[in-house]
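Sequence order for the protein chains is A and B.
When the letters of the first sequence are read in order and numbered with numbering that gives the first Met the number 0, they come out as residues 0 to 325.
When the letters of the second sequence are read in order and numbered with numbering that gives the first Met the number 0, they come out as residues 0 to 325.
Wrong hints could be hidden among the right ones.
Here are some of the chain B residues that sit facing chain A, going by a computed Cβ distance under 7 angstroms [said to hold, decoys possible]:
#1 Ser19
#2 Ile20
#3 Ala21
#4 Pro34
#5 Asp38
#6 Ser42
#7 Asp72
#8 Asp119
#9 Arg122
#10 Gly123
#11 Thr128
#12 Thr284
What the hints contain is simulated information worked out from the structure, not anything from laboratory work.
These figures come from a predicted structure and were not determined experimentally.
The beta carbon of each residue, even a glycine, is placed where N, CA and C say it ideally should be.
Protein chains: 2
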Amino acid sequence: MDEFSLIGRYFAGLCEADDSIALGIGDDCAQLRVPPGQDLVVSIDTLVEGTHFLPGSDPGRLASRLLGAAVSDLAAMGAEPAWFTLALTLPEADEGWVAGFASQLGRSARDFGIRLVGGDTTRGPLTLTVQVHGWVPAGRGLHRRGAAAGDLVCVTGTLGDSRGGLECQLHPEKGVDAALMERFFAPQPRLDCGRRIAPYASACIDISDGLLADLGHVLEASGVGARIERRQLPLSPALLAFCGEQQARDWALCGGEDFELCFTVPAAHWPKLQQALAGCGVPVTRIGEILPADAGLQLLDAGAPCALPGTGYNHFVSAGGGADKE
Amino acid sequence: MDEFSLIGRYFAGLCEADDSIALGIGDDCAQLRVPPGQDLVVSIDTLVEGTHFLPGSDPGRLASRLLGAAVSDLAAMGAEPAWFTLALTLPEADEGWVAGFASQLGRSARDFGIRLVGGDTTRGPLTLTVQVHGWVPAGRGLHRRGAAAGDLVCVTGTLGDSRGGLECQLHPEKGVDAALMERFFAPQPRLDCGRRIAPYASACIDISDGLLADLGHVLEASGVGARIERRQLPLSPALLAFCGEQQARDWALCGGEDFELCFTVPAAHWPKLQQALAGCGVPVTRIGEILPADAGLQLLDAGAPCALPGTGYNHFVSAGGGADKE
Numbered sequence: 000m001d002e003f004s005l006i007g008r009y010f011a012g013l014c015e016a017d018d019s020i021a022l023g024i025g026d027d028c029a030q031l032r033v034p035p036g037q038d039l040v041v042s043i044d045t046l047v048e049g050t051h052f053l054p055g056s057d058p059g060r061l062a063s064r065l066l067g068a069a070v071s072d073l074a075a076m077g078a079e080p081a082w083f084t085l086a087l088t089l090p091e092a093d094e095g096w097v098a099g100f101a102s103q104l105g106r107s108a109r110d111f112g113i114r115l116v117g118g119d120t121t122r123g124p125l126t127l128t129v130q131v132h133g134w135v136p137a138g139r140g141l142h143r144r145g146a147a148a149g150d151l152v153c154v155t156g157t158l159g160d161s162r163g164g165l166e167c168q169l170h171p172e173k174g175v176d177a178a179l180m181e182r183f184f185a186p187q188p189r190l191d192c193g194r195r196i197a198p199y200a201s202a203c204i205d206i207s208d209g210l211l212a213d214l215g216h217v218l219e220a221s222g223v224g225a226r227i228e229r230r231q232l233p234l235s236p237a238l239l240a241f242c243g244e245q246q247a248r249d250w251a252l253c254g255g256e257d258f259e260l261c262f263t264v265p266a267a268h269w270p271k272l273q274q275a276l277a278g279c280g281v282p283v284t285r286i287g288e289i290l291p292a293d294a295g296l297q298l299l300d301a302g303a304p305c306a307l308p309g310t311g312y313n314h315f316v317s318a319g320g321g322a323d324k325e
Numbered sequence: 000m001d002e003f004s005l006i007g008r009y010f011a012g013l014c015e016a017d018d019s020i021a022l023g024i025g026d027d028c029a030q031l032r033v034p035p036g037q038d039l040v041v042s043i044d045t046l047v048e049g050t051h052f053l054p055g056s057d058p059g060r061l062a063s064r065l066l067g068a069a070v071s072d073l074a075a076m077g078a079e080p081a082w083f084t085l086a087l088t089l090p091e092a093d094e095g096w097v098a099g100f101a102s103q104l105g106r107s108a109r110d111f112g113i114r115l116v117g118g119d120t121t122r123g124p125l126t127l128t129v130q131v132h133g134w135v136p137a138g139r140g141l142h143r144r145g146a147a148a149g150d151l152v153c154v155t156g157t158l159g160d161s162r163g164g165l166e167c168q169l170h171p172e173k174g175v176d177a178a179l180m181e182r183f184f185a186p187q188p189r190l191d192c193g194r195r196i197a198p199y200a201s202a203c204i205d206i207s208d209g210l211l212a213d214l215g216h217v218l219e220a221s222g223v224g225a226r227i228e229r230r231q232l233p234l235s236p237a238l239l240a241f242c243g244e245q246q247a248r249d250w251a252l253c254g255g256e257d258f259e260l261c262f263t264v265p266a267a268h269w270p271k272l273q274q275a276l277a278g279c280g281v282p283v284t285r286i287g288e289i290l291p292a293d294a295g296l297q298l299l300d301a302g303a304p305c306a307l308p309g310t311g312y313n314h315f316v317s318a319g320g321g322a323d324k325e
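Pulled out of the complex, with its shape left as it was, chain A reads as follows (with noise of 0.2 angstroms):
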């Protein structure tokens, strides 16, 4: 056995058994429960250093960092998380490295419920590949398409904080946020929030790219527009003192990494929404709303017309890289 097979061996500790585990790590595939009644649904992301991470990144806030943007897909769907795998490709079997990365993918999987299964450990440049399952009640689950015109377009949390831990990194000289920092390299997906808002919602996503650019997808894969009011964009105490208002809007309209989900809802089915989000400690704000596809994306200053920021949102270091979901 190899030093990477070693190193493999340091994750099967980490697969917790479950019903709805029948065979975990060790053997060709780990063999999954569905349970009766449920659609499966699954999500693939990968973390690339130098693009998505600057060389030398803490080997925990990665492991945080990854678990969470992936887990945030789950949300968006409305999904129960269950599962994971890791592929993971390392530059040297650096045991000191594995064991933080192990430790707080460990602390992370059990904050978000879901179970490392299976996983491949190869020698290479440092990636980071992981794959979430959860499932849905059949044939719901939560899309991008389904937004109609009159819908309100709502996020929840706050937006432009991971942006500006980003900026934290890249000049530390102007001032460090731990808040910041935190909500770069610690997303957390809204899990809870998803399951609530799925009965009543026309569609949702996360927010990866950037507001402006995963509401796109929404108008996209609905056939709609969209109109959005640009005071009306939750930001951070943190984020505010950090950088001003007219930053933050901009990193709130911009800034990808955010892992909130922007979703759009019936106007009709607005205050039952409400209800069901009572007590789930998240804010969830009203930003907009969904016009017919003509309209195409609108923004608003206090109700006056306003341009659209550059809405491509690039990759952490190299500009132009970056991460496209299929």
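We have chain A already, so just place chain B on it with the hints.
Same frame as chain A, now just chain B:
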């Protein structure tokens, strides 16, 4: 939309409709249906440039090798293939490369009866990860555990050919054999064999690290030993012509990536298993038998004990690198 998003969209054309796919490429998750009474089986595999294949390798060959190797894990479980996801990290958005890769990926997917349902395309050093999904009757499925003393040890097809194909690339001056190269680049997962043997076999694994290493995994998982007869190893005429009998037998024992099945079967099931395999078109060879654990792994040569060759299979290019499936 950046260039990588455009490349990502290239794969959307590979997503064919199917009753089991409620939602394919183009949302936060794919939404999928496991038939009632079936367990889901999943496996994730990575190929890295410079570790698993030479820089500059033909993209079509990489596609067939990537998917063939991954689907082989489904064959080893006796599973029905269903869906796969692809995480592709590319140094640049090279449409020509992607066209060649996607075209062969589509052909291989159709050959294996598996459908692309999602992916992630990122910028970075060339790394290819695929997760395959399939199903087996609930509570069934072929596992590594389950072999018992007295069981026969069998393999499908011929062994060592892929190692011969690797040699053709490393030392082309010694001669290049097209059939061996094909075994290296276009592994044929033994899906049909796996399903036919599943009701009778006691344990199974696919041969990715070499017969001795992979049989070792079965012995460890089952808590048994085994005796293998070197003269009974099935060898192809192409391999015998390429390197002679002694070398061929060593490569059959230790060469990796043949992606044949190694399985064990109670002697009482052997006649029924042979009937079940009739007409499958792939030879199955008895090469030894399972012993109690304290016997360890014994190698015979025409009935006489002989030393085990080094069993560590090091992947291509980077000695000591390689891959391990957890």
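Going through the hints against the structure:
no., hint, in the structure
1, Ser19, "9 angstroms, violated"
2, Ile20, "10 angstroms, violated"
3, Ala21, "6 angstroms, holds"
4, Pro34, "10 angstroms, violated"
5, Asp38, "5 angstroms, holds"
6, Ser42, "4 angstroms, holds"
7, Asp72, "4 angstroms, holds"
8, Asp119, "5 angstroms, holds"
9, Arg122, "3 angstroms, holds"
10, Gly123, "3 angstroms, holds"
11, Thr128, "5 angstroms, holds"
12, Thr284, "20 angstroms, violated"
Taken one by one, the earlier hints fail for this structure at numbers 1, 2, 4 and 12, listed in ascending order.
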